[in-house]
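Please construct the entire structure, taking both the sequences and the accompanying hints into account.
Heads up: the sequence shown is residues 1 to 136, going by the working numbering.
The hints are simulated quantities; they were obtained by calculation from the structure and are not laboratory data.
All of these numbers come straight from a predicted model, not from anything done at the bench.
The C-beta atom is built at its ideal place from N, Cα and C for all residues, glycine as well.
Treat each hint with caution, since some may be false.
Claimed, not checked - Here are the in silico distance ranges between beta carbons for each label pair:
1. D31 - E66: 20 to 30 Å
2. A127 - A104: 34 to 44 Å
3. D32 - L88: 17 to 27 Å
4. D10 - D89: 46 to 56 Å
5. G22 - S82: 19 to 29 Å
6. R18 - L40: 51 to 61 Å
7. A77 - G17: 12 to 22 Å
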Amino acid sequence: MPQSLTYMIDDVARRHGRLRGGAAGSFLRCDDPVLITEVLANPASARLELRRIAPTVLVSPLPLIEVLDELRSAGFAPAAESADGSVLDLRPPGRRIPAKARPARRGQAPAAVADEQLEVLIGQLRAETRRRREAH
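So, in structure tokens, the structure goes:
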């Protein structure tokens with residue numbers, strides 16, 4: 001085999017595998033490496049198949065909602081986050097039941113008031129007004 005080909009093969013072999021990829025369904029990150037270590041020491045981490053990829057990052061092949069639920073059951077209080085770091089609410093949206101159509105109300109005209117009733121009512125209002133003025 002030519003020496004130049006041997007050098008090329010050695011060069012490729014030396015670089016091969018330096019950059020690695022793997023499947024992860026979800027990640028956990030925390031600025032506190034002690035808390036990450038505590039999560040890893042918890043029995044739930046084995047069920048979640050958690051593994052550390054950095055001092056403050058864990059990954060799991062399971063979906064995020066399963067990881068968060070299991071950690072909550074284990075006594076932790078994790079929060080989900082979006083790609084930009086904002087907190088997400090992963091609960092399913094509530095279901096709304098359509099409102100029942102209300103039957104149309106048919107307005108009734110007020111009962112007619114006799115002229116005598118109106119005169120009595122107006123008289124009572126005027127008398128009350130006079131009484132209040134005299135009291136002040």
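Now the hints, each set against the structure:
For the pair D31 and E66, the supplied restraint of 20 to 30 Å holds, since their beta-carbon distance comes to about 24 Å. With their beta carbons about 43 Å apart, A127 and A104 fall inside the hinted range of 34 to 44 Å. For D32 and L88, the Cβ-Cβ distance of about 21 Å falls inside the hinted range of 17 to 27 Å, so the restraint holds. Between D10 and D89 the CB atoms are about 53 Å apart, so this pair conforms to the stated range of 46 to 56 Å.
About 22 Å separates the C-beta atoms of G22 and S82, a value consistent with the hinted range of 19 to 29 Å. Between R18 and L40 the beta carbons are some 26 Å apart, a value that contradicts the proposed interval 51 to 61 Å. Between A77 and G17 the C-beta distance comes to about 38 Å, which lies outside the given range of 12 to 22 Å.
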